[in-house]
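Using the hints, position chain W against chain H.
Residue numbers (the working numbering), protein chains in the order written: chain H, 1 to 295; chain W, 1 to 305.
Mixed in with the good hints, there may be bad ones.
What the hints assert, rightly or not - Short, incomplete list of chain W residues facing chain H, as computed with Cβ under 7 Å: (1) W36; (2) L117; (3) F118; (4) V124.
Stated by the list, open to error - Not close to chain W: a few residues of chain H, all C-beta gaps over 12 Å, as computed: (5) E58; (6) D76; (7) V99; (8) R105; (9) Q166; (10) T197; (11) P227.
Unchecked claim - Here are the computed distance ranges between Cβ atoms for each label pair: (12) H:R242 <-> W:R213: 42 to 50 Å; (13) W:L96 <-> H:H25: 49 to 57 Å; (14) H:H72 <-> W:A151: 52 to 60 Å; (15) W:F277 <-> H:H72: 39 to 47 Å.
FYI, nobody ran anything at the bench for these hints, they're computed from the structure. Computed from a predicted model, the values in this text were never measured in an experiment. For each residue, glycine too, the CB sits at the ideal point set by N, CA and C.
The primary structure of each chain is shown beneath.
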Amino acid sequence: MTVIEARGLRKSFGTTVALDGVDLHIEEGRILGLIGPNGAGKSTALNAILGLIPYQGELRVLGRNPWTERDHLMRDVCFIADVAVLPRWIRVSQALDYVAGIHPRFERTKAEAFLAKTTIRPSSKVRELSKGMVAQLHLALVMAIDARLLVLDEPTLGLDILYRKQFYDSLLNDYFDRTRTIIVTTHQVEEIQNVLTDVMFIDRGRIVFGCSMDEFESRYLEVMVNPERLAAARQLKPIHERQVIGRSIFLFDRVDRSQLAALGDVRTPSIADLFVAMLESKPGHQPATPQGAAV
Amino acid sequence: MSTPSNVPSDSFAPQPAPAATSPTHPLYWSLQREFWEHRSIYLAPLAAAALFLFGFMISLIHLPSRIRAAGIDPMQHDFIVQSENLAALLIMGTTLIVAVFYCLDALHSERRDRSILFWKSLPVSDLTTVLSKASIPIVILPFITFGVTIALWILMVLLSNAVLLASGTSAAPAPHFSFFQLSTGLFYHLMVVHGLFYAPFYGWLLLVSAWARRATFLWATLPLFAIGIVEKIAFNTSYFASMLGYRLGGGAEDNGSKATGMAVAFMPHFTSGQFIFNPSLWTGLAMTAIFLAAAIRLRRNREPI
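Chain W with its partners taken away, still in its complex shape:
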């Protein structure tokens, strides 16, 4: 029996009646709902990728002449790899901004427009709702970032090779980093840093979004500054600020990898799996759990604004 959802007609034709109860998938549909409501989750990285590709195509005009001027390969390597890094950074930056604003809005807008009364009239628990919302920045966005970046990289390599071939310059030689290495580095960076290490930030933002009546951005940021400033004045220390900085840096000890200007994507200690033994990863995840538990309680208690 065909389900009406598969029929792209724009009228409600009567359909034969199905069985009385049907299996449900609350988590899946809760996620689907987020994609409907917050289309920036996938549109923003796609737009960033399109923008980058546009700029990259213009830069390709000069590629053959630059390679000829430089004589041989290294320039080309640098050009492509640097462009790939830049592309990854642009898309990561975009999805980070999307994640921050998504979190601040996620549990706030449903109270602001009173639709929380509709969502709560349905058999979906606050736990499922908050977890599905938390999984957007922690799980879904890193995967989207990865997928869009890889697709963009492939397009960039294809385009640059096509330009080089068409101009009669030498075909692309083997780069310093294989595409596979770059991809795995990016994947680990996204999953470990953007997913696991940033999780407490997202948990905090969701908590503020469930709690604040207005000005979620201010409530999310100003207390952090306040703690840092009070600590500085009272004890003349800055542990809190350095803790935040350490976490924002993805839990990386300053091993010079950032100084190279290469994307943090290629830090080797992630791929080796050592991050598992980093205690700050686990304290961060514990913080995330506390923040999310508080957000679930708040969603249960809070009324429309």
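Next up, chain H with everything else stripped away, as it sits in the complex:
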């Protein structure tokens, strides 16, 4: 079933257009990565989905209007905006008490079991915890909620690599179960590439690209071309070419793998490389929707 349906979603702050007619269709059971440069409109899109800001256009989240029905929607939707939003004065036990008291789908024992695996003590205040521990606490609260949609907006910003890895491991192993949907934005794209089922690029308030990771892996190939085959490689119309330590790396869209293998080492590109390729390949850094984009 459809979790998010948006048509012509627009939002501007003064003269700045943050969302410029976004269409979205997100099905249940996906883990969608929303990738974009700073100021592309990622957070604005998520805030609209979460009912935090008003918007123009049509938007339904789990069949509800998020702006007028936020408190109802939040029974089925969880979000972690970033690691710094838990109130600093609250104690861990108080946070558990509070969420247990107001959330009908919160299972306290689950959160406690998760916290038992950490060094967080119930009597600690959030201000006494390290940034990584606050993220663990927030994740413990969120994972104990039986939600249908989880929105993560830069959830691991400022965490060290151990905590970041743990965060996504817990999310995948203990939380995601194919009936839930997760939307995540992050700048550490390479760390979530194998977590995602879908990826979407957003730039200047527009969705410029979107596909499933299965499609991504079958469509896009990256070749480290042997120097003598450069001309042959260029004939196959790569969508991007870059130099790394004296070697040329070409990115191809829908070119047969066996054909490319003759040119050099073939591998699946990282999402970040494709993203950079798409933004750079357009004159004046103005990417258009590539053919066959799913959204």
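Here is chain W on its own, set in the frame of chain H:
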């Protein structure tokens, strides 16, 4: 099945799993949250009471000699009743200050520390949140003031009687005001004046706290002065200032009760229930509703600072 919240251990032991959904009490927990965050709500009046009791105990040293010097009862009445008035005024003053700063902070600090994003990620409406915050100064603080004051009064009476008995002076005679009269007077004063008549002030402060990006105290106070000054210059009148003064005085017509130096707690027209027919009570409550509705809308729209 025991809930882990009742176990005062400091570790997360695995517990048997409960049912999937549980009943919720958003208003109760929203209030609880305010007590966690703003502990001055109860600590400040308790501290004021403790301070007063300390001073009162020192003053008791001289009580027997003062009573002997005065000869008979009236001095003692005055001493105890005046002390009780003073105690009530001190605690009321404390909770008023707490209420003002609580309101200015209530919808501002959650935006300043971005925790509003956490609160809004939970199924609690802006209406519930703002109403729970508004009920702290309008309902909760008057009750706390009442409870702390009564407890302090009882301690004062017990202590002074104990001192008088120990010194061999006459036992306390019946005072002019019975303890019950004083308590009901205080209760009505707190509920009617501090709760109902001051409600629009609290509504205004909450509105400013939801709106201002910084300097909430200035935004809350300076516009009021500005209106008063503009009115004075433009029309040479001071209706706005006298309206504020009237409201701050608890809607009391100047019937001389304030001049006695007695706490306003004992104004008889409250206990008789006439305040219900005071139109300014109702206009004030209407203003409160408007301010709170605006604060709810602002909380919905506003982003972290």
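To see whether the hints hold, each was checked on the structure:
no. : hint                          : result
1   : W36                           : 5 Å, holds
2   : L117                          : 4 Å, holds
3   : F118                          : 5 Å, holds
4   : V124                          : 5 Å, holds
5   : E58                           : 20 Å, holds
6   : D76                           : 9 Å, violated
7   : V99                           : 7 Å, violated
8   : R105                          : 6 Å, violated
9   : Q166                          : 17 Å, holds
10  : T197                          : 23 Å, holds
11  : P227                          : 52 Å, holds
12  : H:R242 <-> W:R213: 42 to 50 Å : 44 Å, holds
13  : W:L96 <-> H:H25: 49 to 57 Å   : 55 Å, holds
14  : H:H72 <-> W:A151: 52 to 60 Å  : 43 Å, violated
15  : W:F277 <-> H:H72: 39 to 47 Å  : 41 Å, holds
Checked against the numbered hints above, the structure breaks hints 6, 7, 8, 14 and satisfies the rest.
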